[in-house]
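Assemble the whole structure, with the sequences as input and the hints as a guide.
For reference, the chains in residue letters:
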Amino acid sequence: MQIGLISLLDGLVYGMLLFMLASGLTLILSMMGVLNFAHASIYMLGAYFAYQISTWIGFWPALVIAPLLCGAIGAAIEVWGLRRVHHNGHIAELLFTFGLVFIIGRAVQMVWGMLPMPYRVPTSLDFPLFSIYGENFPAYRGFMLLISGGMLFTTWLLLKKTRIGLIIQAALTHPSMVSALGHDVPRVFTLVFAGGSLLAGLAGVIAGNYFTTESSMADAMGPIVFVVVIFGGLGSLAGCFIASILMGMVQTFSVVADWSFADLISPFGITLGANDLLGEILTIPVSRIGPLVPYALLILILLFRPRGLMGTRET
Amino acid sequence: MQRLRLLAISFLALFGLAIAGQPVRAADETIKIGYIDPFSGAFASGGDASLKMFQFILDYINAKGGALGKKFELVTFDDKLQPAEALIAFKSVTDQNLPFVMSCVGSNVGSALIDAVNKHNSRNPDNRILQINCGQLATELTNEQCSFWHFRFVGSVEMRAVARIKSLPQSVKSVYLLNQDYLFGQSIEKDTKRFLAQYRPDIKIVADEFIPLMQVKDFAPYISKIKASGAQSLLTGNYGPDLNLLIKAGVDAGLDIRYDTYLAHVIGAATAIGSNGEGRLTSVMEDHENIPEEEHNAEAEEFFKKWRATHDFAFIALPSVTQFEMLVRAINKAGSTDAVKVADALEGMEQKDLFGVTNIMRKEDHQLLHPYYEAVFTKNVKNDVEKTGLGWKTEYKTTVADETLPTTCKMKRPSS
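Line order of the protein sequences matches chains S and V.
Residue numbers are given in my numbering: position 6 of the first sequence equals residue 6, and the series is strictly consecutive.
Residue numbers are given in my numbering: position 6 of the second sequence equals residue 1006, and the series is strictly consecutive.
Rather than coming from a laboratory, the hints here were simulated on the basis of the structure.
Keep in mind that this is a model prediction, so the values were computed, not measured.
One should not assume that every hint holds.
Cβ pair distances, simulated, as ranges [unchecked claim]:
| no. | chain 1 | residue 1 | chain 2 | residue 2 | range |
| --- | --- | --- | --- | --- | --- |
| 1 | S | Leu8 | V | Tyr1182 | 28 to 38 angstroms |
| 2 | V | Ala1063 | S | Gly113 | 22 to 32 angstroms |
| 3 | S | Ile164 | V | Ala1309 | 26 to 36 angstroms |
| 4 | S | Leu302 | V | Pro1212 | 15 to 25 angstroms |
| 5 | S | Phe127 | V | Asn1380 | 23 to 33 angstroms |
| 6 | V | Thr1399 | S | Gly150 | 58 to 68 angstroms |
| 7 | V | Pro1212 | S | Trp112 | 24 to 34 angstroms |
| 8 | V | Thr1404 | S | Gly142 | 46 to 56 angstroms |
| 9 | S | Val64 | V | Ala1309 | 36 to 46 angstroms |
| 10 | S | Leu8 | V | Ile1360 | 47 to 57 angstroms |
| 11 | V | Ile1360 | S | Asp263 | 42 to 52 angstroms |
In this text, a Cβ means the ideal position worked out from N, Cα and C, and glycines have one as well.
Set out below in structure tokens:
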């Protein structure tokens, strides 16, 4: 119980962080059909920008400026990069973003070096918010929840209650129709790409000092975000949200779980030792393979529900 | 299309730079060492730091005249910490007829290389190669897998574990083991448990946990578990992000216990952990920059001062200096870089390290025996690490006799 409550909070924080990254990616993917490999690289850039800016003028300005910079970079990538390769088809776009991953990764290493950056949580937020059963819940975690919650609300408001949100929603499913009605669809694309990059940048700013800011952080985050997007289903922010929280919880709780698959089947009278067929695999405690569980879930959902949790079309 | 081509060219240029950046020069009168380590990917910082330390050591060794009047030179290959990539690199090393192959990071890579070197040497008796292990620590490499062609110039996990366990204060009565789930982590776990039983039977192991290598982003749930276990010390062989994130998460959650690590002195950890580690983070290491002062050794102090003047991370490769001193003597004695002759000369060789301690290259398993220093991360030191304001202070050191452990190696020597 004690661990359960804390894990619930941990899972929520991690899930919300995943959602910040995945929401931008899912919007870009479902609207433009581009699987943006470079999304996690933008997340990394956000963290590095925030570190650099915070050494000059402090964390709070960095919280605003760094995501805006990332948004601008996203817009630039869309206008001068993606749009030009667009007419060569999806493969070209895929390869383009794939190449960007290496270029951004290498550029970051050339500018900031390969060592982790001393990017720290601001002292004004560096205190325990409250403690449960003797374990502190750091204020910065609460702040991360606040930021990601606020971002969730703002995105929802923007998409559901504004005119541009309506157009974006329409362009998601019927881009040619929206274009025929006189809307500038390419501009909407740019906007969405910039917005997605901005969210990724923001995630980088608040995660960079909580985790570590280093040149491998994009590689670490990239795969899991794709899992969330595919799991949640294309074209559905709600699905993406559920998938993010689910993955956050799954990863957190699987760490705490001390049972193995062999324990699960033992009530049925089957006991497995390490020497039985598959015994070695089945007796590994779930906690030891916890972070791999999302990938197993991905395979399951691709097998049994290929359009994802709440997807509106086949992936 | 024009722009696309431009993009492609700049793309290629970037990667070209990456390759051309390594110091590959074609001079004839040098002794070339094929150096395989990760220079890209998640542990690139480790490979990069290693390379800088080796360049510094080579400058030092070459200034003393090198071996047989020739200077040493590194030819670098990137293995991305993948055994498969390392084997491809090894193919290039043998294609270029280099007499030595050296690799520091990843015991799985080291294990693959031992097999490859064994095969190569039995198939090409005229063109044999020696393997220099400068940091792949799994004990198995000099026990079950030991090979005549493989020399490890840094203590094994086992030796490190002896220092780790012996240095634990008497007040510690319960430990939580957390390690990475691969060859090195499993090796650490096994040896930690063995020596705990041998030297400190009073210590209770409250948990024994493995995590997937470089997969965990959020360590908070692990911290909850550690907290609930009531352990006094977290004993971990993690390194890189797996270590930094673990300790950060622990300190943030107010987990006020000892963090007894095996590798917190490796590059990047000090920056990532920062003042959070003050007084509670410890590590076992081959050397740190405050030893010369602690030991009042002027010559060593000079060496480290020179290093600090041009680098902003810690020099932790003392056994690698010893390694090159030994290589120089062995090559001079052999009169060539012939693998069998150099190996024969290296066997049983004794060499004083920078701090004046006599290290031994044990003949039975080709393992260098050297002392370890256990140190705490603290503000009260002269030389800090990575400009963090904190540095290492020795709390405990082992002797070469402490580190002389029995080996199970049954070495197969070449018949000729």
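Hints, one by one, checked against the model:
Evaluation of the 28 to 38 angstroms hint for leucine 8 of chain S and tyrosine 1182 of chain V yields a pass: the beta carbon distance comes to about 31 angstroms. Here the CB-CB span from alanine 1063 of chain V to glycine 113 of chain S is close to 27 angstroms, well matched to the stated 22 to 32 angstroms. Distance hint check for isoleucine 164 of chain S and alanine 1309 of chain V: the Cβ-Cβ separation is about 57 angstroms, which falls outside the suggested range of 26 to 36 angstroms. At roughly 21 angstroms, the beta carbons of leucine 302 of chain S and proline 1212 of chain V sit within the given window of 15 to 25 angstroms.
Checked against the given bound of 23 to 33 angstroms, the beta carbons of phenylalanine 127 of chain S and asparagine 1380 of chain V, roughly 25 angstroms apart, stay inside it. The hinted range of 58 to 68 angstroms is satisfied by threonine 1399 of chain V and glycine 150 of chain S, whose Cβ atoms lie roughly 59 angstroms apart. Take proline 1212 of chain V and tryptophan 112 of chain S: their Cβ atoms lie about 27 angstroms apart, and the range 24 to 34 angstroms holds. Threonine 1404 of chain V and glycine 142 of chain S have their C-beta atoms about 53 angstroms apart, which keeps the hinted 46 to 56 angstroms range intact.
With their beta carbons about 40 angstroms apart, valine 64 of chain S and alanine 1309 of chain V fall inside the hinted range of 36 to 46 angstroms. Taking the beta carbon of each, leucine 8 of chain S and isoleucine 1360 of chain V are about 55 angstroms apart, inside 47 to 57 angstroms as hinted. In this structure, isoleucine 1360 of chain V and aspartate 263 of chain S meet the distance hint of 42 to 52 angstroms, their C-beta atoms being roughly 49 angstroms apart.
Of the hints listed earlier, the one the structure fails to meet is number 3.
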